[in-house]
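Those protein sequence lines, which keep their order, are chains A and B.
Under the working numbering, the residue at position 1 of the first sequence is numbered 1, and the numbers go up by one with no gaps.
Under the working numbering, the residue at position 234 of the second sequence is numbered 234, and the numbers go up by one with no gaps.
These are computed hints drawn from the structure, not numbers from a lab.
Remember, predicted model here, so these are calculated numbers, not experimental data.
Each hint should be verified, as a subset may be incorrect.
Since copy identity is lost for identical chains, a pair holds within one copy or between any two.
To be verified - Straight-line C-alpha distance at most 25 Å; calculated DMTMM-like pairs for lysine to aspartate or glutamate:
1) Lys58 x Asp71
2) Lys212 x Glu136
3) Lys212 x Glu118
4) Lys212 x Asp53
5) Lys58 x Asp44
6) Lys212 x Glu113
7) Lys212 x Asp71
8) Lys58 x Glu136
9) Lys212 x Asp175
So you can see what is in the structure, the chains are spelled out below.
There are 2 protein chains.
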Amino acid sequence: MPPVVVLVRPQLGQNIGKAARAMLNFGLTELRLVAPRDGWPNPDAGPAASGADLVLEKAQIFDTVADAIADCGLVFASTVRRRDLIMPVVGPEEMAREIWATAGRAAILFGPERSGLESEDVALANRIVTVPINPEFGSLNLAQAVILLAYEWSRGADLAQPTAKEIEPPAPMADLEGLIGQFDESLENAGYYYPPERTPATRATIRTILTKPQWSSREINALRGMLRALTTIRSSKNS
Amino acid sequence: MPPVVVLVRPQLGQNIGKAARAMLNFGLTELRLVAPRDGWPNPDAGPAASGADLVLEKAQIFDTVADAIADCGLVFASTVRRRDLIMPVVGPEEMAREIWATAGRAAILFGPERSGLESEDVALANRIVTVPINPEFGSLNLAQAVILLAYEWSRGADLAQPTAKEIEPPAPMADLEGLIGQFDESLENAGYYYPPERTPATRATIRTILTKPQWSSREINALRGMLRALTTIRSSKNS
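Next up, chain A with everything else stripped away, as it sits in the complex (with noise of 0.2 Å):
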């Protein structure tokens, strides 16, 4: 079941409008927000939300963080590792699987623009996660956060991760074969195969650059039709 994202006292409508918008991006559709400082609804959220109106409409608002995550069993506070707090750190990959592993529902919080979590807040969740970011540059905005941590999410459902699987297959060796062979023919009339001592490993040598491709039967195809160009001519204007 995809995580509630709670944004506690979130300050800015046109941020949370950001927050809706990276949320569906990533097929997370439930909000909740813990005493927004300008009331709900906020007119700045709907345009910022570039079409996610839906997770705006359907938005579920609450007076404190405890309220907010009720229903749910395992609880992510989105921050940086806190000194004051011994709680379990996790990284958004691990995140993700404990999300996707739990039987119930899950949460993550995120704080309010400025200042990040309380750690009252911090310590109503299950765990910490921080994302590993530069060391001496961490600047993080509140829809950034978002958008990580439900992109490391949704990498989980295995969600056609586009793999090269549907563009052309490379050849059959059979059709490769026929081009390196007939490369091999117009190089030798063309007497580019000198000194002979050294044709063997000038054949292995094309043999690798042609291998390595991988081209398609259509590519390769096209490629004769050149190779031919380039050659009938010079027979032609032989002859």
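Based on these hints, arrange chain B on the given structure of chain A.
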């Protein structure tokens, strides 16, 4: 080596700043701008970078995408799948793996905010990289696309990578352009481009075929020598 981030014809200075901020969070510092709409430097970039000024100060400006990636051997175009191009499509994870494995420089191209990359831009890359998003709501802005790919790259830093350092790195794109240009000229001389209205499509096919292999500079030089042999003979016999 961290990949270069190339923003192609970015529109708003603010978004350039946000992209810089997104990059630095995950340790990317090399930003290249191709024909930024409002020129460079842009006063809106700095405030949006939230302290990532280092990245903006070092940013380099180029007139064309080809110039911006001339020293790169492995180039990803961040875009959705393209029906008009037959090109390998990978997810962020696979992209990161390939960047960590390559011995050469890698680059990631991002298009303008509204329209995204043009087909001619994408055709210069080795691969398309697509973030798998909600099929019913795909709405990533520029900085979000940058941060997700930067994040995915940084994750790879942990893994002890078996590297490809013993094999030859792919040639810089400038070398590849040399080969494509020579091929093109030879085919033109051979009268291969016919009928004229098909020529752009044929040229695009040739580019794809020759970009796919990721040949090394040595291999490209060998191929250029062979091509020269095939065509020189023709010219001499012609005369």
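Against the structure, the hints:
1. Lys58 x Asp71: within (17 Å within a copy, 49 Å between copies)
2. Lys212 x Glu136: neither (32 Å within a copy, 37 Å between copies)
3. Lys212 x Glu118: So Lys212 and Glu118 pass the 25 Å test inside one copy only (19 Å; across, 28 Å).
4. Lys212 x Asp53: Answer is neither: 36 Å inside a copy and 42 Å across each miss the 25 Å cutoff.
5. Lys58 x Asp44: Within one copy only: 16 Å inside, 35 Å across.
6. Lys212 x Glu113: neither (27 Å within a copy, 36 Å between copies)
7. Lys212 x Asp71: Both: 17 Å inside a chain and 21 Å across chains, each within 25 Å.
8. Lys58 x Glu136: between (38 Å within a copy, 17 Å between copies)
9. Lys212 x Asp175: both (14 Å within a copy, 17 Å between copies)
Of the numbered hints listed earlier, those contradicted by the structure are 2, 4, 6.
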